[in-house]
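There are 2 protein chains.
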Amino acid sequence: MKGKLIAVCVVIAGVLIPGTVGCGQGREGEPRGKEIALPAPATTGGMSFTEAAAKRRSVREFAPGALSLEQISQLAWAAQGITEAGRGLRTAPSAGALYPLELYLVTKDGLFHYLPQGHKLIQLSDADGRGDLSKAALGQSSVAQAALDIVIAGVFSRTEAKYGERARQYVYIEAGHVGQNIHLQAVALGLGSVSVGAFRDQAVSEALGLPGDQTPLYIIPVGHPAA
Amino acid sequence: MKGKLIAVCVVIAGVLIPGTVGCGQGREGEPRGKEIALPAPATTGGMSFTEAAAKRRSVREFAPGALSLEQISQLAWAAQGITEAGRGLRTAPSAGALYPLELYLVTKDGLFHYLPQGHKLIQLSDADGRGDLSKAALGQSSVAQAALDIVIAGVFSRTEAKYGERARQYVYIEAGHVGQNIHLQAVALGLGSVSVGAFRDQAVSEALGLPGDQTPLYIIPVGHPAA
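Respectively, the protein sequence lines represent chains A and B.
Note that numbering that gives the first Met the number 0 numbers the first sequence so that position 39 is 38, with each residue one more than the last.
Note that numbering that gives the first Met the number 0 numbers the second sequence so that position 74 is 73, with each residue one more than the last.
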């Protein structure tokens, strides 16, 4: 991804340098960026499950207009939000509660990594990476046009440690759980979304600067449906 | 699966023998069984998406008690129901709208194949196959105990024809879409469910008598949560 990485925090040997308040823990070994607190998600009310399931259709054409931080918060929560404090269980089930998925958000304002713990974002870049991401997705215009692209990446090794060769299919199924939650939440917010599975993995990894152990599995453009 | 196959319809060279009214079209080449019309599913109302996502937890212990035909209808619809008549689009998105998944229901009353077109079941057996299915799932008691086991099978070739080697991951992701819809619908109905991915594929195929081109991907026991 072009544009400078936002690394306002410096960590040496695990010690946060004083004066770098507001910095959050990103993925291990990554540049740590500005932390953005998300508003608390709604966990009751809104559209019924049945209505969202009945109304969901793939939306590939979007009208201009960014999403609000409330909408982004709600979508991130639906995808991977923590719904049980004790063990940190989430909105979508995961084999052995190992949670091998990482969520990235790409908007005109930059690249963000969602941290379920604390329900917050870490800003990794301030450049609009949607164009590069669209190129990595074989030029699909929905990716360039949507206000928000959600990229689900998987760390197979987290699940392989317990489940061996069956792990990969579990991780893909879990990406599906998360994807469906995103689609349904988008409908419930009056937004549209589409499943994008056709992309060059390596190009997406480069566009997002993913760590080597993360594989992009799924891209979901979300935005205001075109009239 | 033990117990006799119910094959009240006879089809020779594609012609339904007269006098076998009430028989439905199953999967190609399979014994055709008794057709069971399902009540129309609710497509509005009920629990909100956010509340269902917040409340969903894996439920592995079930109280006795069968599900009503209304509940079975609603779960099957959430999984694979048709929500757009024109192209037959469904509650969960599928790459290229190719719909490689087949849904089987296992209860004390037998084995049933869900047909999205017409929203109906075809009864393939009248034997309770939950015990055999549990054995194929490494003895997991939730599978034997649940009122209903939903088995999602995939026909990889349907998606491979268009998407080649990327098809397998698409099919697993789609099983995840469907699984999440089932989990959310279960919560909305006051029921519980759990993801079961650990099973011997061949043993599940034999327990259900799956055609050779179908691979079991996912088992979801659903029932009344134990107190």
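A few of these clues could be false.
One copy or two, either will do: identical chains are not told apart, so a pair holds if it fits within one copy or between any two.
Below, a list of computed lysine to aspartate or glutamate pairs in the DMTMM-like style, where the Cα atoms sit at most 25 Å apart [unchecked claim]:
| id | residue 1 | residue 2 |
| --- | --- | --- |
| 1 | LYS134 | GLU83 |
| 2 | LYS134 | GLU164 |
| 3 | LYS107 | GLU60 |
| 4 | LYS54 | GLU83 |
| 5 | LYS54 | ASP127 |
| 6 | LYS33 | GLU164 |
| 7 | LYS161 | ASP212 |
| 8 | LYS107 | GLU34 |
Bear in mind the hints are in silico, worked out from the structure with no lab data behind them.
The model shown is predicted, which means the values in this text are computed figures rather than measured ones.
Cross-check of the supplied hints:
In this assembly of identical chains, LYS134 and GLU83 lie within 25 Å of each other by CA distance neither inside one copy nor across copies; the values are 38 Å within and 31 Å between. Within a single copy, LYS134 and GLU164 get their C-alpha atoms only as close as 32 Å, which misses the 25 Å cut-off; across copies the closest is 21 Å, which meets it. Taking CA atoms no more than 25 Å apart as the test, LYS107 paired with GLU60 passes inside one copy only; the shortest distance there is 17 Å, against 47 Å between copies. Proximity of LYS54 and GLU83 under a CA criterion of 25 Å is satisfied inter-copy only: 9 Å between copies versus 29 Å inside one chain copy.
For the homomeric pair LYS54 and ASP127, neither the shortest alpha-carbon distance inside one copy (30 Å) nor that between copies (35 Å) is at most 25 Å. In this homomeric assembly, LYS33 and GLU164 never come within 25 Å of each other (Cα to Cα): the closest approach is 37 Å inside a single copy and 39 Å across copies. Taking identical chains as interchangeable, the C-alpha atoms of LYS161 and ASP212 lie at most 25 Å apart only when both belong to the same chain, with a minimum of 17 Å there against 29 Å between chains. With identical chains, the CA atoms of LYS107 and GLU34 are at most 25 Å apart within one copy only, with a shortest distance of 17 Å there and 53 Å across copies.
Hint compliance for this structure: hints 1, 5, 6 are not met, and every other hint is.
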